Amino acid sequence: MELNDHKEALRGKHVLQYPYRRATGPILGRFFTDIRDFGRFLGVKTATGKVLCPPVEVDPDTLEDLSVNNLVEVGPAGCVTSWTWLREPRPGNPLERPFAWALIKLDGADSALLHAVDAGSESVMRTGMRVVPRFCDERSGGIRDITCFVPQN
Amino acid sequence: MNMAEAKKPVTTIKTPVAIHYDYSIGAGASTFMRAIREGRILGARCPDTGKVYVPPRLTSVETASPMSELVELPDRGVVYTYCIVNIKFYDQVLEIPYAYAYIVLDGADSAIMHLIQECPVDKIRPGMRVKAVWKDPAEWTESMENIRYFKPTGEADLPIETIMNEIRKKSYA
Amino acid sequence: MREVAIIAFGQTPNRRRELHRNEAEMLAPVVAEVLKGVGLSRRDVDFTCSGSSDFLAGFSFSWVTAIDALGAWPPIEESHVEGEAAWALYEAWVKMLCHEEIEVALVYGFGRQSMTSPRDVVTLMNDPYLETPLWPDAISQAALQARALLDAGLCTERDFADIAVRNLRHAESNPLAQLSGRPDPDALLETPTIASPLRKHDCPPITDGACAVLLAAGDRARALCKRPAWIRGLAHRIDVQALGRRDLTRSRSARLAAEAAGAIGTWIDIVEFHAPFTPQDWILQRELEIPEGTVINPSGGIHQGNPMMGAGLVRFGEVAARIIRGEADRGVAHATQGPCLQQNMVGVLEGE
Amino acid sequence: MANRCAVIGIGQTKHTDKRLDVNHIGMVREACNRALEDARLSWKDIDALVIGKAPDTIEGVICPELYMAEGLGMAGKPLFRVHTAGSVGGTTAIVGAELIGAGLHDKVLVLGWQKQSESDITWALSPRLPFAPPLMAGAGGFFAPHFREYIRRSGAPDHIGIKVAVKDRRHALRNPYAHLHQHTVCFEEIRNTPMLWDPLRYGETCPSSDGACAMVLSSEKFADHGSARPAWIHATEMRSEPTIMPGRDEVNPRAGRDCAAALYKKVGITNPRKEFDCAEIYVAFSWFEPMLAETLGFAEPGEGWKLSDSGATSLDEGGDIPWNCSGGVLSSNPIGASGTLRFAEAALQVRGQAGERQVDGARLALAHALGGASQFFAMWIVGSEKP
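Protein chains in written order, with our numbering: chain A, 1 to 153; chain B, 1001 to 1173; chain C, 2001 to 2352; chain D, 3001 to 3387.
Rather than coming from a laboratory, the hints here were simulated on the basis of the structure. Take these hints with a grain of salt, some might be off.
Reference listing, derived: stretches of chain B covered by chain D, where coverage requires no fewer than 3 residues with Cβ under 8 Å from a Cβ of chain D [said to hold, decoys possible]:
| hint | segment |
| --- | --- |
| 1 | 1126-1139 |
| 2 | 1165-1172 |
Using 30 Å as the maximum straight-line C-alpha spacing, the simulated DSBU-like pairs for lysine-lysine come out as follows [what the hints assert, rightly or not]:
| hint | chain 1 | residue 1 | chain 2 | residue 2 |
| --- | --- | --- | --- | --- |
| 3 | B | LYS1008 | D | LYS3221 |
| 4 | D | LYS3221 | D | LYS3265 |
| 5 | A | LYS50 | D | LYS3018 |
| 6 | B | LYS1135 | B | LYS1151 |
| 7 | B | LYS1008 | A | LYS45 |
| 8 | C | LYS2036 | A | LYS7 |
| 9 | B | LYS1088 | D | LYS3265 |
| 10 | A | LYS45 | D | LYS3077 |
| 11 | D | LYS3018 | B | LYS1169 |
| 12 | D | LYS3077 | B | LYS1170 |
| 13 | D | LYS3044 | D | LYS3306 |
| 14 | B | LYS1007 | A | LYS45 |
| 15 | B | LYS1008 | D | LYS3306 |
| 16 | A | LYS13 | B | LYS1088 |
| 17 | B | LYS1014 | A | LYS45 |
Since the model is a prediction, treat every value here as computed from it, not as a measurement. Don't be surprised by glycine CBs; every beta carbon is placed ideally from N, CA and C.
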């Protein structure tokens, strides 16, 4: 008898699945809490006066730790700084119909956050367009408390 | 707003992950599983050391030489070492306590791992002779679970130290 | 600094799906081939290092199965990076700079992406609080970068298509290529977008494959190889990950790595970019100031085959192989990981 | 090594079962900030970072160091990830030392971490694959047959494992950072814990921890001019062997013997028990102490259990070669950091900064990390004097 690879190898369905639960830390915890409870966005003000939203925990210029005391309100409206139209949404995406991924700079922030824009059609999308958030009815804390953004007016 | 304010601040979030695979095992493992489906146990012989590996592998662990010679092995062997499990784990289906052992099949050099049953767990010992208890052939699939477990043959124990030393002597120098 | 060279390179053919062998079984003949090519045996290797990803493989400790297939007896000096195998090359290079007694090193990478959906699996490389819960796929992220280039008026979708066409044309002379050909760029632009402005031709294929590179130091390299590809510089740098924090028209870390490796302002014959998406090829040309006349991606780059977690190492192998064969004298190899060219490695290779 | 390298800063978190107050970046920065403070350096002084962590399935993030890069102060700098199973924390330190040894950098931060509380460790280490039946029930179940074989081979009495567990848990009481602080721990207490994987009791197994450990490594130039007291790295070594080799000696793996022999040769060690003042050895389950004592040359084959039994490895019993004064892996196990902790604790000892767990006058210490199926070994020797 001879061992060889002439036949196709056996195949089986396999899934790596786990409901990871992770600690947010104080800054992201406040960020998510304010979205959940008040529909309010927080950015973090760095030593050089930049406002970063989503907030970060480390000042990118000084490399020192930031705290919840550095949080300031931004948004909730903002403008799109880059976008792409996804014709076929992927499993786990915020929307099941075609939508835009966008980088959104909320008013008062100097950086952009990534989220979905429910624009209906690609032709509506353009860089610089104004968008506002649409929140979920049942909010549990987390980035998915924002269903998506939608064009303003 | 009162309702909202009463909520606890967010400190943890749940982020479920599920990655799906159309998983394929290798040529060596497939050869083994296809034989198991027919109730046969296959190994492969290393051309450099003469050691017989179960399951078969395309290359030798020790020398990386291709291993093309398949060897059919009996469904009986000897216990090298073992463990008695008294704890249930997340997806564990076996009733505790249960024991599994490293079993060196007759003619093989590598050990396979399998359950030992029809024997009180405190009577299991290195050197004990065991043989496979198979499921009904109608239930056979490409799975080691075709063998339900191994049980004692009742034969006299073998000198496990000598057996393992003989295997080690074959190792590539 | 000690002289270290790439003296051999091998890879499997790039395939959409390897149906017969697992990762370790794919890799073993490649390693055997590179060793045989320079007349060495497994035991002549002083250090072994690999790169792979457990989530792509579908189980933890996936690289260990490769150790079992490569003849690791007597025990070997060995290490592993989680991720792209070009970083394993870096570790091996550092090892050889540090330890005189290490003269020959084996580096390999492998991946079987066909078992899953890689564009969705690599989403797990993103921020697990802010981004992964939305599951942005790799093509969509690259599209945000492409849009930034278009908006800045730096290039056009036609430029992206031309890069794809160039890669596929070069792949015609690569016998191991998964994809090759001479598509009409105008016709490519008529195809639908996947994530606008990116179309299928802007994206890498899904590939199963494995690759291996042999390094040797100083006179040992000269003895084993007529024309070693000497590593004249090698460096890597990383950027902040969040796309909303970066100037997506740039790759600062690619630039910094290239500067540190001595790749800027020097003449080269060839360059191999590990640019999964065509706009990234354009960005790298700019950051590395690739001179006119340089052949970019003579192998076809990763648009002809993308054995993820080995594809960056293949770039080093492809440049080295051309130097070893005398087809090129000096070249640059690039590898990346993370979304939108977040982390980059640049090496300068040269023949004597 | 081409250039000398020293440990000039050490920091770790308080290891615990769930760090619910911090996220990944927050937790690892706690260790890094302490290491930087110890080295009297700031984040901006660091040239490069080497980061080690066991499987990405544990946190469910592929290469999390990518998204953490900026938080780790590495934007625009080199960040390098290592993964060599349980030995990774040791390998990480070795790669960091080599960056300096090779002359590429002057100040390198090395960091090992794990947040095991984010998933189920048994699932994360060995998710079930198609065609593979369930048998082993966790890491303890994997190693228990090896311990049984050791006991058969050496004739070691049952109480050795208990004694080692008590010893390391009592050591942990001297270490404010240790996860387990079992103030009442005693022989009876461990003996009465459930026999999970016979011959291994619950009390003889490592905990599952969240934690991080960081070290600042520097070139000779900075170690000499810095104000922090350095621990000099005298030698490093690594070895790996296959998992499934027929006749592989899991009890006394050749990779471990070869690794120790090569390491000792570099420094001229001929009698490790006598020449080292203490050792930090990766003992994740109690029976690894006597087994590794033999593998690493502290006892003759079959005699390792006598070393443990004699109290030689115990600080409390005034042993001549204390092992795991920190409490070891048996008292804290954030997997990716567990190797780094061994390497760092050895350095603390020769810097004379180990507090209540200090071995008086320690000048030369051994550290060891172990991974996979007892098949991956990473070791270093650190000393108070330059090599």
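Here's how the hints hold up against the structure:
1. 1126-1139: violated (count 1)
2. 1165-1172: The restraint on the segment 1165-1172 of chain B holds, since 4 of its residues have a Cβ under 8 Å from chain D and three suffice.
3. B/LYS1008 to D/LYS3221: violated (52 Å)
4. D/LYS3221 to D/LYS3265: Between D/LYS3221 and D/LYS3265 the Cα gap is close to 26 Å, so the pair holds against 30 Å.
5. A/LYS50 to D/LYS3018: violated (34 Å)
6. B/LYS1135 to B/LYS1151: holds (13 Å)
7. B/LYS1008 to A/LYS45: holds (25 Å)
8. C/LYS2036 to A/LYS7: Answer holds: C/LYS2036 to A/LYS7 is near 27 Å, not above 30 Å.
9. B/LYS1088 to D/LYS3265: violated (46 Å)
10. A/LYS45 to D/LYS3077: holds (24 Å)
11. D/LYS3018 to B/LYS1169: violated (47 Å)
12. D/LYS3077 to B/LYS1170: violated (50 Å)
13. D/LYS3044 to D/LYS3306: violated (50 Å)
14. B/LYS1007 to A/LYS45: holds (26 Å)
15. B/LYS1008 to D/LYS3306: Violated: B/LYS1008 and D/LYS3306 sit about 55 Å apart, past 30 Å.
16. A/LYS13 to B/LYS1088: holds (25 Å)
17. B/LYS1014 to A/LYS45: holds (27 Å)
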